[in-house]
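For reference, the chains in residue letters:
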Amino acid sequence: MATLQEIVEAHGAMVRRIATVYERHPDRVDDLVQDVWLAVCEALPRLNNHATLKSYIARITQNICVTHVRRALVRQAVPLEDTLPDPATAPEEATAQSIRLARLIEAVRCLPESLKAVATLYLEEMPVKDIALSLGISETNVSVRLHRAKSAIRLSFGEPA
Amino acid sequence: MTPSHPHDPFVDLWHTAPKPDTQQLLRDLQRHRRMHRRFNWGLALILAMISLLLISKEVSGRLPTLGWLSAIWLLSLAASAVWHWRVHGRRTGVLERDTVSLLKFMIRQARTDLFLAQCLYKGVPLGAAFGFLVMKFLGLRPAPRALTADPLLVLIQTSVAVAVLIAMVVTGVILARSRRTQVQELSEKLKLIDTGL
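Residue numbers (the working numbering), protein chains in the order written: chain X, 433 to 593; chain Z, -11 to 185.
Errors might be hidden in some of the hints.
The calculated lysine to aspartate or glutamate pairs, modelled on EDC-like cross-linking and capped at a C-alpha distance of 20 Å, are [unchecked claim]:
no., chain 1, residue 1, chain 2, residue 2
1, X, K486, X, E538
2, Z, K7, X, D459
3, X, K582, X, E538
4, Z, K7, X, D562
5, Z, K92, Z, D182
6, Z, K7, X, E571
7, Z, K7, X, E441
8, Z, K179, X, D459
9, X, K486, Z, E84
10, X, K486, Z, D9
11, X, K561, Z, E84
12, X, K561, Z, D9
13, Z, K179, X, E545
14, X, K561, Z, D182
15, X, K582, Z, D0
16, Z, K92, X, E538
These are computed hints drawn from the structure, not numbers from a lab.
Source: prediction; values computed, not measured.
Start from the sequences and build out the full structure, keeping to the hints where you can.
Below, the structure written as structure tokens:
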């Protein structure tokens, strides 16, 4: 069985990406990530099939992110420009890719709650069936929402829906 | 960008996010666990002090309840500890469910917590007033030896009792406020996720 360190190293990036969609401020993202890992630590002994570890952690992450209310109460909007690298101060970091990534994260953040969860899990390469199981909705429902989410993301990139 | 397409440009872009510092995270997790353990010990100490206060009041005769109050308090404490342990286990297990049933569970839980919080901030002062009136009505008075007790001890006991009463009311108000918001927000989220189409 993998140690906690190995599991955190393997799936830490995924947990952080999902948390970033639900929380804007880096400090609160850290708190959220920590909450997820504390829950995962407690839940891991009950997991029988380790092949499903990724979707298991994704589900717990999604659930904690969707249900965290306390921090959302004090959440303040941060303009998109603040989340993007500043080309004037750090030109080497302000690559086109990082700007596109920030734009993608912002596009997913701005999706309605019903589409956000589906889009996030899709971007984490979870199959439609697993997304449906994870959220407790039908596969048809997932497909419809996914279509809408993709259209919205494309539009935010200035592409045709 | 189709669900089964392995090379969706947005998926590829999504995975270019920088890797987090896992070492720092692991250190934070360990620190959090230690703090959680300290918090539990602190809470146990506070509850033990309240129990001792109650027992000392009954032993010194300031409370003419013949040890019944302490017995009820200790039994309630034990029952709460068992209840908390069971709820905690259920809450952790419930995170593995799907989001819709998790939200339904959390709303039920928040409503129960809201009721308990209301009991705390409404019930505690009402209970104290009711107890005072019952003692007056039944003519219950402190035992004679309590009247001759050290005034400093009497002052400490009274101050601590009032402080505990105020703390319980304030905790109830804060808890009720947060749970009311939680019920409201979770219900909205459930509505959006369950019937969002």
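Going down the list of hints, with the structure as the test:
1. X:K486 with X:E538: 24 Å, violated
2. Z:K7 with X:D459: 16 Å, holds
3. X:K582 with X:E538: The hint holds at about 13 Å.
4. Z:K7 with X:D562: 25 Å, violated
5. Z:K92 with Z:D182: At roughly 10 Å apart (the allowed maximum being 20 Å), Z:D182 and Z:K92 satisfy the hint.
6. Z:K7 with X:E571: With Cα atoms ~31 Å apart, Z:K7 and X:E571 exceed 20 Å; violated.
7. Z:K7 with X:E441: Within the cut-off at roughly 9 Å; holds.
8. Z:K179 with X:D459: Violated. Z:K179 to X:D459 sits at ~29 Å, over the 20 Å cutoff.
9. X:K486 with Z:E84: 13 Å, holds
10. X:K486 with Z:D9: With a Cα-Cα distance of about 19 Å, the restraint between X:K486 and Z:D9 holds, given a limit of 20 Å.
11. X:K561 with Z:E84: 16 Å, holds
12. X:K561 with Z:D9: It is violated: about 32 Å lies between the C-alpha atoms, which goes past 20 Å.
13. Z:K179 with X:E545: 10 Å, holds
14. X:K561 with Z:D182: 16 Å, holds
15. X:K582 with Z:D0: Status holds; Cα separation ~14 Å.
16. Z:K92 with X:E538: 28 Å, violated
Violation of the numbered hints given earlier is confined to hints 1, 4, 6, 8, 12 and 16; the remaining hints are satisfied by the structure.
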